[in-house]
Amino acid sequence: MTVAEKFGRRGLIAAGTLAAATALGRPALAQAPVAAGATPAGWNDGLAHPIPYTPSPGLGKERGLVLGGGGAYLVSWMMGYFHALKQNGVDLATADVVVGTSAGSIAGAVLTSGRLWRLTGELDIFASFPKLFAELVPALQANPSQERARKLAVDARDASFETIRNIGRAAMAARNPAGTDKYFSTLHRLIGPTIWPSPALHTTANDCYTGERIVVSASAGLHIDVACAASSSLPGSMGPTWLKDRLCMDGGICQTSTHADVVTGVKRALVISLSDGGPQAVTQGLRTSGMPNTLQQEIRDLEAGGTRTMLTVAGLLPGTQHVDNIMDPKWIGPLLKYGHERGLAELPKVKALWA
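At position 23 of the sequence shown (counting the first as 1) the number is 23 in full-length UniProt numbering, and the numbers step up by one without a gap.
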């Protein structure tokens with residue numbers, strides 16, 4: 001029996017779904033102090049928010065949920081994890097502030113819109129037909145322009161604006177099959193209606209041209225499929241994606257894979273990350289950027305600010321030592337199952353945090 005059949009929802013997935021594709025505190029190194037929303041060019045569209053985010057959308061809120069990036073690998077894990085918790089009385093959709101990056105933006109969108117069953121069913125179908133997923137999301141084989149963008153991201157050793165801009169230029173120059181004019185439509189088929197699902201949800205991205213951190217919320221007036229596409233536009237794989245007049249790439253192409261500073265000030269926070277933030281994540285295939293990851297500092301900053309914080313690291317599938325490609329459909333089925341198992345195992349801890 002498949003995971004989706006256990007959830008009793010697979011029969012609700014329309015045949016058309018098969019045509020969809022998926023991409024699937026204070027840090028140690030803060031970005032330059034730029035006024036919230038302002039670009040180096042001096043114009044303000046309300047999207048640029050330096051790290052740390054000030055004032056944080058989490059201030060005074062009860063529950064915060066932070067969902068990091070990790071491709072189809074982590075999306076699958078999170079769907080299994082979320083379902084295990086919800087089936088046992090813990091609904092993470094009740095979070096008062098949610099920040100999702102890359103895969104986490106997609107998971108956050110379906111979670112806050114009440115459509116967990118939809119994405120889980122789609123992933124379950126792709127797990128049964130991996131060749132279909134590979135054809136729809138051609139992220140495994142790369143042409144030279146894509147390889148250049150991917151290599152620049154992996155080889156990066158700092159999170160300066162210059163480094164991020166260099167990766168952004170390579171992202172803009174990459175000849176991706178799902179380019180600037182089509183990737184958001186793939187996400188639309190995947191996650192459903194384009195209306196912003198909840199005022200609690202925030203997604204992240206990075207401006208390819210300026211290198212600035214972008215945070216999108218309901219107030220931006222953008223469609224959720226476009227915001228998720230920008231957040232998951234991995235250099236050398238898909239996108240980049242336009243957010244208003246900014247061409248943007250994956251939210252994880254910076255010093256943080258989680259952007260936990262966005263929920264600073266909440267009373268309780270659950271942070272979900274693919275890796276523990278250590279340097280081994282790149283060699284393990286759990287991080288697509290070589291920039292130092294400030295995850296652990298973000299956790300310390302949340303706790304120092306009075307937030308009761310739980311960090312959950314998905315990590316490597318038991319029995320494996322390396323993830324060759326986080327977009328490979330071979331991971332979908334095993335990670336749906338592993339995420340569900342982890343959700344059941346961590347249920348008491350999450351319930352104590354969330355209740």
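Bear in mind the hints are in silico, worked out from the structure with no lab data behind them. Every residue, glycine too, gets a C-beta built ideally from N, C-alpha and C. One or more of the hints may lead you astray.
[To be verified] Derived BS3-like pairs (lysine-lysine); straight-line CA-CA distance at most 25 angstroms:
#1 K61 to K86
#2 K182 to K267
#3 K244 to K86
#4 K267 to K244
#5 K61 to K351
#6 K349 to K61
#7 K61 to K267
#8 K86 to K182
#9 K351 to K267
#10 K337 to K86
#11 K182 to K151
#12 K349 to K330
[As the list claims (entries may be wrong)] Okay, the calculated beta carbon distance ranges per label pair:
#13 L353 to D276: 36 to 42 angstroms
#14 T194 to P279: 22 to 28 angstroms
#15 A355 to R157: 23 to 29 angstroms
#16 R169 to M310: 37 to 43 angstroms
#17 A355 to K244: 35 to 41 angstroms
We went through each hint and held it up to the structure:
The straight-line distance between the Cα atoms of K61 and K86 is roughly 21 angstroms, inside the 25 angstroms bound, and the hint therefore holds. In summary, the hint linking K182 to K267 is not supported, as the alpha carbons are separated by about 40 angstroms, beyond the 25 angstroms threshold. Straight-line distance between C-alpha atoms of K244 and K86 comes to about 35 angstroms, which puts the hinted pair past the 25 angstroms bound. Pair hint K267 plus K244 does not hold up; C-alpha atoms about 33 angstroms apart against a cutoff of 25 angstroms.
The suggested pairing of K61 with K351 holds, with an alpha-carbon distance near 18 angstroms, which does not exceed 25 angstroms. Our distance criterion of 25 angstroms between C-alpha atoms is met by K349 and K61, whose separation comes to about 20 angstroms. For the given pair, K61 sits about 7 angstroms from K267 by alpha-carbon distance, which is consistent with the 25 angstroms threshold. In summary, the hint linking K86 to K182 is not supported, as the alpha carbons are separated by about 33 angstroms, beyond the 25 angstroms threshold.
Of the supplied pair hints, the one linking K351 and K267 holds, its CA atoms being roughly 15 angstroms apart against a limit of 25 angstroms. The straight-line distance between the Cα atoms of K337 and K86 is roughly 15 angstroms, inside the 25 angstroms bound, and the hint therefore holds. Proposed proximity of K182 and K151 is supported: the alpha carbons are some 24 angstroms apart, at most 25 angstroms. Taking the CA atoms of K349 and K330, the gap is about 30 angstroms. The hint is violated against a cut of 25 angstroms.
Roughly 19 angstroms separates the CB atoms of L353 and D276, a value that falls outside the hinted 36 to 42 angstroms. Here the CB-CB span from T194 to P279 is close to 39 angstroms, at odds with the stated 22 to 28 angstroms. Between A355 and R157 the Cβ separation comes to about 42 angstroms, which falls outside the hinted range of 23 to 29 angstroms. Here the CB-CB span from R169 to M310 is close to 38 angstroms, well matched to the stated 37 to 43 angstroms.
A beta carbon spacing of about 39 angstroms between A355 and K244 agrees with the range 35 to 41 angstroms that was offered as a hint.
Checked against the numbered hints above, the structure breaks hints 2, 3, 4, 8, 12, 13, 14 and 15 and satisfies the rest.
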